[in-house]
Amino acid sequence: MFANLVHYGRLYLRLEAQYIKARMNYRVDFIVSSIGMIFSNIASLAVFWVLFHTIPHLAGWTFEEILFIYGFYLLAVSPAQIFFDHIWQLRYHLMEGTFIKYYFRPLNMMFYYMSEMVDIKGFAQVVLGGAVIAYASTQLGLTWTAGRIGLMILTLFSASLVVIAILVIASCAAFWTLQSYSILALAFRLREFAQYPTTIFDGFFRFLFTYIIPIGFIAFYPSQLMLRPQEASWLIYISPVVGIALFALAYLVWSVGVNSYSGTGS
Amino acid sequence: MRRYLALTKCAFLTGMVWRAHFIFTLISNLAYIVILYFLWKSIYGVSQTLNGMTFNQVFVYMTVTSSIFVLFKTWLEWQVSRDIISGAITTQLTKPLDHQLMVLSHAFGRTLNNALVITLPALAVLFGIFRASIPVGWNVLFFCLSLPLACLLSLVIDYIIGLTSFYTESLWGISTTKEIIVLVLSGGLVPLGFFPEVMRNILSYLPFQAIYHTPASILTDASLSLADYTSMLGVQAAWVIVLLVISRLFFSQAVKAVTINGG
Amino acid sequence: MAIIGVKNLSKHFKVLNRHEGLLGAARDLFSTDYRLVKAVDDISFQIEPGEIVGYIGPNGAGKSTTIKMMTGILKPTEGKIEVNGNVPFKNRQKNAQNMGVIFGQRTQLWWDLPVIESFKLLKEIYRVDQETYDHQMGMFNELADLKALYPQTVRSLSLGQRMLCDITASFLHNPKIVFLDEPTIGLDISIKARIRELIKELNRTHNTTIILTTHDIGDVEALCSRIIIIDQGHILYDGDIKRVNQLFGAYRTLRVQVRPYKGEQTIDQVRQTLVERYGEDRDFTVRSREMGWINITFRQDEMPLLEVLNYAMSRLPIRDVQIVELALEGVIRRIYEGALQ
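Residue numbers (the numbering used here), protein chains in the order written: chain A, 34 to 299; chain B, 28 to 290; chain C, 1117 to 1457.
Don't read these hints as lab results, they were simulated from the structure. You may find that some hints are simply not true.
What the hints assert, rightly or not - Derived coverage of chain B by chain A (criterion: at least 3 residues anywhere in the stretch with Cβ under 8 angstroms from a Cβ of chain A; other residues may be distant):
no.	segment
1	50 to 58
2	66 to 73
3	208 to 216
4	220 to 229
5	234 to 246
For glycine and all other residues, C-beta sits at the position ideal for the given N, C-alpha and C.
Please work from the sequences and hints to get the whole structure.
This is the structure:
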């Protein structure tokens, strides 16, 4: 078991290193797309900035608190962006039959498939997210005790699992319809709901984003725990469970898809 | 018989694909309207007006701009880029067809399709479910005139972005950057009325606001004079002409560079 | 002990009966009107270690479906299948460790990487130790001399070069079984010969079992001692290639373009030339079906192909030559007609 983990770890680093090496032939592209990525994140920040010129708080949350939630959101969506970016290509691989090669190796298929691509520009997003969190927590006078750091890591971990799971499940639609772009795009857009306090939504949608598509767990509930622990509901304490359970569900959907897809041709 | 079955299957599958695409695009856009509604509801809180706009006005404005954003998304820059990379663009130079005109008219067709699939359902939800209302007067007529101009402007900008493929392979980054800049600076994410005075002044000298802000503000404001409406359309038309000229110059310049280098 | 054992294996697919027209398409949305397609229907065979078996059949015969079951991609509907002691579908990963695969024309290598990096990654994936790796790479160099290709990216290789690399790569971890699907499709004659030679050598040095699916009878003739012919999910023939040779190896057709071409006169000239060499009583025909091209059909056991070709080239003003590939469909038709009984 342990030897296996080491093997997979080493292999992952190897595959990614080779991928990055190959991508470096397109260095300009990397820089330009990183700029694009940062720009689109800064645009969201600019929106908050413009809004808070007019209003003192949003659903009871100050500018700095909203920034913190946004920074947390950026960090939480980054692992999916960086390590699971190959989901966007899944439908092409399935349509053109190139997906079949992933069956032939003595490796876990999800591991092998996802390891073939790493989105380097996602690291730019991590840096930005970190900077936003640092700024916001300084402004808020938040002290980073060991407990809080531990809490941050734990909640971030489960939040990223939620994001990954939602996107993987959406992309798996391709196994059956061969056309998952619009579904994936929808999931990608739903993800954006996470940057606002879930409390801005009323009854039905709050229920939906807490229990059905748990987008609230991506940034808002964890941030609430960090910023206003007294207001945080008990829900946040089960967030690691939510993350792991959702990821397990995504893995299940993936496995069923992999088994039901038989490749093109006879 | 077999051939016809294959054709049927093809048509059916295309239909299915299209149907799934339609449904999910629709849900995706409706979901966005839901965010807009709740976000702006909580921004307004108990206030009646912010920066001179009522909640109803902002909500209509934002729905219009976000629908226009999807409406104008024709992936035109990717088509131009494909034509350039495959070399099709240079062979088309020998034909008695204008490349720009061809691409633009194709994209315009897509927009009409988008309108049917995306904009009409969005409007139905806007007025049917959320009970938004717009003032009815000259503004509706001018909105209808302003929309095609905005579309043309957006397509020409996309065309210019597509032409960068003559020089670089990084279309994704460039196109994303353009998209976000246009969104912010034309009121696609926050109404321009919420921007600080200085920024608004600067923006009025840029072409971007003519894409989203102009049609959206025409539709939500019935209090302007005919002269005001006309001059807004005039500004749009002027930008269309200026950018068309720029794109033609850029195109001939790029083609020259490529043919000299034998690319 | 057989390395592959297949017993009463079947794979059935449910396919929706589609209706024509717009209304039909709408009906299909809710239809439960399925039809059962038996892609593979009750087949059995055993393959011994070190064999090279040609697994052939027309498109849609069930070849790929069988291969997919043997590699663990598809779960059989019925029957038993054991590869190297494993049930492939249950132990896909374990099975894959002892398996090499070339499937279709799609490379298993990394498109944007230099060839050598792909080999290094495969070494890592299959946990090949350094010693075995060095040994294998040394052997590949002896057999195929690929060193010059190592620094090139896979995308920059020609189809033939890529196939050579792909084949050696599939042998890198010293698998017990290698599945080769159409390894020579779309390649020219000289590279085909090189690839066949390589496969033969790899089989000989490591006693690797090879399952070869192909449309090219030339591949089968050059490599296999045994063939399995499958059609419409059933096994039509399983056995020695020599008996089948009587069917498709017996006659060969050589197409030549003679200049200047003067119709009947030229055809007679060709016939006369061959009669001079082989005599009147040999079983061959010369005729023209297409302006400028003359087809010479003869029995291979009486008149070896290369000999006929060389002789004709030396005596006639030949501009161009084609060797007509035997169509598998024709062979299968003849089997149905009872040619093997």
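- Proximity test - 8 angstroms, beta-carbon atoms, the segment 220 to 229 of chain B to chain A, at least three hits: Result for this restraint: holds, n = 3.
- Message: At least three residues with a C-beta closer than 8 angstroms to a C-beta of chain A: is that true for the segment 208 to 216 of chain B?
- Response: With 4 residues close enough to chain A, the hint holds.
- Do three or more residues of the segment 234 to 246 of chain B come closer than 8 angstroms to chain A, measuring C-beta to C-beta? Violated - the segment 234 to 246 of chain B has 0 residues with a Cβ nearer than 8 angstroms to chain A, which falls short of three.
- Verify the coverage statement for the segment 66 to 73 of chain B against chain A, using a C-beta to C-beta distance below 8 angstroms and requiring 3 or more qualifying residues. Contact hint for the segment 66 to 73 of chain B vs chain A: holds, 5 residues under 8 angstroms.
- Task: Apply the coverage criterion to the segment 50 to 58 of chain B and chain A: a residue qualifies when its Cβ sits closer than 8 angstroms to a Cβ of the chain, and three qualifying residues are needed.
- Result: Our answer is that it holds, as 6 residues pass the Cβ test (under 8 angstroms) against chain A, meeting three.
Hint 5 from the list above is the single one not met by this structure.
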